[in-house]
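Peer 1: Here the protein sequences line up with chains A and B, keeping their order. FYI, the numbering for the first sequence is 1 to 177, going by the numbering used here. FYI, the numbering for the second sequence is 1 to 177, going by the numbering used here.
Some hints here could point you the wrong way.
Where chains are identical, the list cannot tell them apart; a pair therefore holds if satisfied intra-copy or between any two copies.
To be verified - Below, in silico cross-link-like pairs of lysine-lysine (DSS-like), each with a Cα-Cα straight-line distance of 27 Å or less:
1) Lys68 / Lys17
2) Lys156 / Lys17
3) Lys156 / Lys129
4) Lys123 / Lys17
5) Lys159 / Lys129
6) Lys87 / Lys17
Since the hints were derived computationally from the structure, they do not count as laboratory data. Remember, predicted model here, so these are calculated numbers, not experimental data.
2 protein chains.
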Amino acid sequence: MNSVFIATSIDGYIADKNNSIDWLHTIPNPENSDMGFNEHFEHIDALVMGRNTFDLVCSFDCDWPYNKPVFVLSNTMDSVPKGYEGKITLISGELAHIVKYLNLQGFNNLYIDGGITIQNFLKADLIDKMIITTIPIVLGGGIALFGELNQALNFKCTKSERYVNAIVQNHFERTRQ
Amino acid sequence: MNSVFIATSIDGYIADKNNSIDWLHTIPNPENSDMGFNEHFEHIDALVMGRNTFDLVCSFDCDWPYNKPVFVLSNTMDSVPKGYEGKITLISGELAHIVKYLNLQGFNNLYIDGGITIQNFLKADLIDKMIITTIPIVLGGGIALFGELNQALNFKCTKSERYVNAIVQNHFERTRQ
Numbered sequence: 001m002n003s004v005f006i007a008t009s010i011d012g013y014i015a016d017k018n019n020s021i022d023w024l025h026t027i028p029n030p031e032n033s034d035m036g037f038n039e040h041f042e043h044i045d046a047l048v049m050g051r052n053t054f055d056l057v058c059s060f061d062c063d064w065p066y067n068k069p070v071f072v073l074s075n076t077m078d079s080v081p082k083g084y085e086g087k088i089t090l091i092s093g094e095l096a097h098i099v100k101y102l103n104l105q106g107f108n109n110l111y112i113d114g115g116i117t118i119q120n121f122l123k124a125d126l127i128d129k130m131i132i133t134t135i136p137i138v139l140g141g142g143i144a145l146f147g148e149l150n151q152a153l154n155f156k157c158t159k160s161e162r163y164v165n166a167i168v169q170n171h172f173e174r175t176r177q
Numbered sequence: 001m002n003s004v005f006i007a008t009s010i011d012g013y014i015a016d017k018n019n020s021i022d023w024l025h026t027i028p029n030p031e032n033s034d035m036g037f038n039e040h041f042e043h044i045d046a047l048v049m050g051r052n053t054f055d056l057v058c059s060f061d062c063d064w065p066y067n068k069p070v071f072v073l074s075n076t077m078d079s080v081p082k083g084y085e086g087k088i089t090l091i092s093g094e095l096a097h098i099v100k101y102l103n104l105q106g107f108n109n110l111y112i113d114g115g116i117t118i119q120n121f122l123k124a125d126l127i128d129k130m131i132i133t134t135i136p137i138v139l140g141g142g143i144a145l146f147g148e149l150n151q152a153l154n155f156k157c158t159k160s161e162r163y164v165n166a167i168v169q170n171h172f173e174r175t176r177q
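Bound conformation, chain A alone:
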């Protein structure tokens, strides 16, 4: 089971025209709701993220936020950067093979993160569930979550929940006939 948990604008962007994600936090969240993140995180065995997302997480002014194995997809890095030994594992190759390899190691529920990585997993039809939190803003440009696909993919919305009276989170599960 490969899942996505990500926030987008109403018009489907994960970052704005200035590559900023500040708009993610424009809605007041007085009770500091995690909007389902911890529940999602409990159900996964490992994360698979792209190089850009790894760099983004490293840029955050906080400790390493994950207490589960993180596999970073990269064809260019040849060793784990200093300070991240034991936190991440580099991985490369065809995505279907990577998933099979991780499943054989007991990592069955994978959290797929990062725009390009999610797009590549969708191209290979390797996404089973998407939890998309819609921040109620129309950005009018930026980095889109979704990209081009050769074939359409059917899902169904299995759950919808509003948070802080402004944000909506929809769960989509892949339906394969």
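Guided by the hints, dock chain B onto chain A, whose structure is given.
Peer 2: Same frame as chain A, now just chain B:
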């Protein structure tokens, strides 16, 4: 109050790569739910649509579907096509002026329809409410609902409802400080 009531794919398209909208009807709807359309339609005084949407509606193999005034935005048509006299009124000019003009005539609640028209209303910050029905399919290409904007627009999600256990409809209302 200018509102939008439209269906998109998960990736935000209103038509697929072949300009088709067949995928709108891929989800079984045995009880023929109108998914809130009639309730929305009762609350509007008139429709404002672009030329493309007018042509699309004309192409449907059915009687004229609207029992409320329809204003068609067009800079190129100089007369109402035969058979549509009394059904539509041609209108052109700056959108803010058109809205003011229609409001003065008592058409206060306008249903804004059509991709380009909705984009132009958003550019002029003239949309107050968007009811977006998400058909649970990732198309991977097509005609996008949203386009480029010079400034981001804030909304809040005021309602979220699932239909036929697969489709989700989110209501977004513009928040202006």
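Peer 1: Given identical chains, is Lys123 near Lys17, meaning Cα to Cα at most 27 Å, within a copy, between copies, both, or neither?
Peer 2: For Lys123 and Lys17, the Cα distance is within 27 Å both inside one copy (25 Å) and across copies (16 Å).
Peer 1: Within, between, both or neither: how does the pair Lys159, Lys129 come out at a Cα-Cα threshold of 27 Å?
Peer 2: Result: close both inside a copy and across copies, 11 Å intra and 23 Å inter.
Peer 1: Please sort Lys68 with Lys17 into within, between, both or neither, judging by C-alpha distance up to 27 Å.
Peer 2: neither (32 Å within a copy, 40 Å between copies)
Peer 1: Within a copy, between copies, both or neither: which one fits Lys156 and Lys129 at a CA-CA cutoff of 27 Å?
Peer 2: both (9 Å within a copy, 25 Å between copies)
Peer 1: How do Lys156 and Lys17 come out at 27 Å by Cα distance, when the copy is not named: within, between, both, or neither?
Peer 2: between (30 Å within a copy, 21 Å between copies)
Peer 1: One pair to classify: Lys87 and Lys17, alpha carbons no more than 27 Å apart. Within, between, both, or neither?
Peer 2: neither (31 Å within a copy, 42 Å between copies)
Checked against the numbered hints listed earlier, the structure breaks hints 1 and 6; every other hint is satisfied.
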